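Peer 1: Note that the protein sequences, when read in sequence, are chains A and B. Reminder that position 53 of the first sequence reads as 53 in the numbering used here, one-by-one numbering, no gaps. Reminder that position 75 of the second sequence reads as 441 in the numbering used here, one-by-one numbering, no gaps.
Hints were generated in silico from the structure; no laboratory data involved. Keep in mind it's a predicted model, so treat the numbers as computed, not measured. Glycine residues also receive a C-beta, built at the ideal position from the N, C-alpha and C atoms. Treat the hints with caution; some may be incorrect.
What the hints assert, rightly or not - Partial list, computed: chain B residues near chain A (C-beta under 8 Å):
id, residue
1, LYS466
2, GLU467
3, TYR476
Unchecked claim - Some chain A residues flagged as far from chain B (calculated, every beta-carbon gap over 10 Å):
id, residue
4, LEU22
5, PHE26
6, LYS48
7, ILE67
8, ASN78
9, GLU86
10, PRO209
11, ILE229
12, VAL239
13, LEU252
14, VAL287
15, PRO292
16, PRO309
17, GLN324
18, VAL352
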Amino acid sequence: MKQLLTFVKKEFLHVLRDRRTLLLLFGMPVVQILLFGFALSTEVKNTKIGVLDLDKSQTSFEIISKINANRYFDIDKNLKSIDQAENAFKGGKIKMIVMIPTQFSADINSGKKAQLQLITDGTDLNLANQIYSFMSNILLDFYGQQTLQQNSGVQPEIRMLYNPQLRGAPNFVPGVMAFILLIICVLMTAIAIVREKESGSMEILLVSPMKPYIIILAKAIPYFILSLIILVSIIILSVTVLDLPIKGNLILLFGISIIFIITNLLIGIVISILTKTQQTAMLISLVGTMLPTLMLSGFMFPVENMPIPLQMVGNLIPAKWYYQIVKNIMIKGTGLEVVWKHVLVLFAMMAVLFIIAVKKFKIRLE
Amino acid sequence: MNTETPNIAIKAENITKIFGDFTAVDHISFEVKKGEIFGFLGANGAGKTTAMRIFSGLSIPSSGTATVAGFDVYKQTEMIKKNIGYMSQKFSLYHNLTVKENLNFFGGIYGIPRKELKIKGDLLIKELGLENEKNKLVSELPLGWKQKLAFSVAIFHEPQIVFLDEPTGGVDPVTRRQFWKMIYEASDRGITIFVTTHYMDEAEYCDRISIMVDGKIAALDTPANLKKHYNAQNMDDVFYELARGAKRVE
Chain A
1 MKQLLTFVKK EFLHVLRDRR TLLLLFGMPV VQILLFGFAL STEVKNTKIG VLDLDKSQTS
61 FEIISKINAN RYFDIDKNLK SIDQAENAFK GGKIKMIVMI PTQFSADINS GKKAQLQLIT
121 DGTDLNLANQ IYSFMSNILL DFYGQQTLQQ NSGVQPEIRM LYNPQLRGAP NFVPGVMAFI
181 LLIICVLMTA IAIVREKESG SMEILLVSPM KPYIIILAKA IPYFILSLII LVSIIILSVT
241 VLDLPIKGNL ILLFGISIIF IITNLLIGIV ISILTKTQQT AMLISLVGTM LPTLMLSGFM
301 FPVENMPIPL QMVGNLIPAK WYYQIVKNIM IKGTGLEVVW KHVLVLFAMM AVLFIIAVKK
361 FKIRLE
Chain B
367 MNTETPNIAI KAENITKIFG DFTAVDHISF EVKKGEIFGF LGANGAGKTT AMRIFSGLSI
427 PSSGTATVAG FDVYKQTEMI KKNIGYMSQK FSLYHNLTVK ENLNFFGGIY GIPRKELKIK
487 GDLLIKELGL ENEKNKLVSE LPLGWKQKLA FSVAIFHEPQ IVFLDEPTGG VDPVTRRQFW
547 KMIYEASDRG ITIFVTTHYM DEAEYCDRIS IMVDGKIAAL DTPANLKKHY NAQNMDDVFY
607 ELARGAKRVE
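Using the sequences provided together with the hints, build the complete structure.
Peer 2: Below, the structure written as structure tokens:
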């Protein structure tokens, strides 16, 4: 036990003395959160749009003023004719045009199906999709009032639950959490262990009366603690700066995070056992864990749209399950009754990795 | 301790290590007396490293018997590890830790109590004349000092035997000579020195040397006797004479 403490102390000295890496570790989540939160926002806010009102009726004025009142859209241009539409898009400022045809109010009043055209700039696909669905919401809302007044027909009402403003934060905060923990636990841990092999100090440690598993344990503990500190900072940042409250149980969130951290530490340890140089360890960590996590775990590209084989590969990635758990607990406020299956998968992964790590470690020692 | 042979530090009989169909160490037998400086020579690939791993408790031999510090290399590797020190050329100390932190770490993993560690550490720093450097990072020290400090760290826990794996690689002749002075001092204090080297002038400093060729010990005697036996001017010629017949090339 005393040996372990001595070793952990030394590992902490290594970590603390490597200022650049430390700065990177703490800086990365902060910068990512701030970047995603403010600069790289995918949110629809003050999007400039054009309006082409050919109807010029009471109803069309009401629609336009309703759109204008909304803080997500700014009416930049009132177009006179459809010919001006293309030029308006080419200018690049306007992302959408709402066209109200001549017989619009007449159709509504006579109880016919009234039509209205939304033209979006398809070169920016994500934005186009978002503002389209957002505008639809506003218009449906308006329709709803109209039809209620006239007591005719049923109109669908779309609501974006848990994230009505279509903010990016609820999506990327869990993603940033998963990714940072992955970097610390897999990459940093693997490199820290392999570094001792490369420099030859592992020999000295193995010749000492220290049990090999204590060496590995002592290597993992500082990164475990570091992970927890960074996790807390991310959560504090997202609550205070991004205004993203934790809806679910904080203790549950931490408990599951600890399972995820240990799972990743084990991956790091297995990589370090299998490799001899820091470069190989880094490459395997990048290609084997970080890249698939970015691509297949769902926080960059939706999993549902992937081919089945890729989805199956994605299921092997711990971060995918963790990401979904965190989203559920943080954003939706659900508890274990919903995410227990995901937790079970993570737990199984941890157990399997533990067995692999112990086995490989024994083989390598001989 | 083994009561039958109280003056023997290492005793090996027909130690063999086989990897698959490759016999890395082939029936080697020798004895090292307490306090002796024993040179363990051989060309690269002769089996030195494998043999050294066996005697330092890192590897279990395939056959043969051996005791190190009186402990069995099959069953008592943990006891062996407690009673030996180890230093290699490749690594001396942790470069981004200070002199003191290195001492505390290596003392700590050998289970030296904290109070004793502090007293012994201060004494050692004084002996080495590193008082002004004790809070400096090891990376800031000149190579010669690093080697000396590394040797001091290797014998800090007062082992019975210290294994030195090419300890003077890349060090200038003056520092090497100073380093050997430290080895003699340790030997005078009763610590057995088991050293590998590629420098033949260093081999002359040893009490006895063994030369391994193709996994076997081809010669074992004092440097003077070896030179006489092979009718050679210096150890270089002895080594060349023996290593020339090697079939294994790394």
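Peer 1: Each hint: holds or not?
Peer 2: Taking the hints in turn, this is what the structure says about them:
A least Cβ separation of about 11 Å between LYS466 of chain B and chain A goes past the 8 Å threshold, and the interface hint is therefore violated. The restraint placing GLU467 of chain B at the interface with chain A holds, with a minimum CB-CB distance near 6 Å, inside the 8 Å limit. Because the closest C-beta pair between TYR476 of chain B and chain A is about 6 Å apart, less than 8 Å, the hint holds. Every CB of chain B lies more than 10 Å from the CB of LEU22 of chain A, the least distance being 12 Å, so the non-interface label holds.
For PHE26 of chain A, the condition that its CB be more than 10 Å from all CB atoms of chain B holds, with the nearest at approximately 19 Å. For LYS48 of chain A, the condition that its CB be more than 10 Å from all CB atoms of chain B holds, with the nearest at approximately 54 Å. Consistency note on ILE67 of chain A: stated as away from chain B, and its beta-carbon is indeed over 10 Å from all of that chain's, at 61 Å minimum. Non-interface call for ASN78 of chain A relative to chain B: holds, since the shortest CB-CB distance, roughly 67 Å, exceeds 10 Å.
No Cβ of chain B comes within 10 Å of the Cβ of GLU86 of chain A; the nearest lies about 63 Å off, and the non-interface call holds. Annotated as non-interface, PRO209 of chain A brings its C-beta within 10 Å of a C-beta of chain B; the closest such distance is 5 Å. Annotated as non-interface, ILE229 of chain A keeps its C-beta farther than 10 Å from every C-beta of chain B; the closest such distance is 21 Å. Once the 10 Å rule is applied to beta carbons, VAL239 of chain A is consistent with being away from chain B; the minimum gap is 36 Å.
For LEU252 of chain A, the non-interface assignment is confirmed: its Cβ lies about 38 Å from the closest Cβ of chain B, beyond the 10 Å cut-off. Residue-level check passed: VAL287 of chain A sits 28 Å from the nearest beta carbon of chain B, beyond 10 Å. Every CB of chain B lies more than 10 Å from the CB of PRO292 of chain A, the least distance being 33 Å, so the non-interface label holds. Interface exclusion of PRO309 of chain A from chain B stands, the closest Cβ pair being 39 Å apart, more than 10 Å.
Annotated as non-interface, GLN324 of chain A keeps its C-beta farther than 10 Å from every C-beta of chain B; the closest such distance is 40 Å. For VAL352 of chain A, the requirement that its beta carbon stay farther than 10 Å from each beta carbon of chain B is met, with the minimum near 29 Å.
Going through the hint list in order, the structure does not satisfy hints 1, 10.
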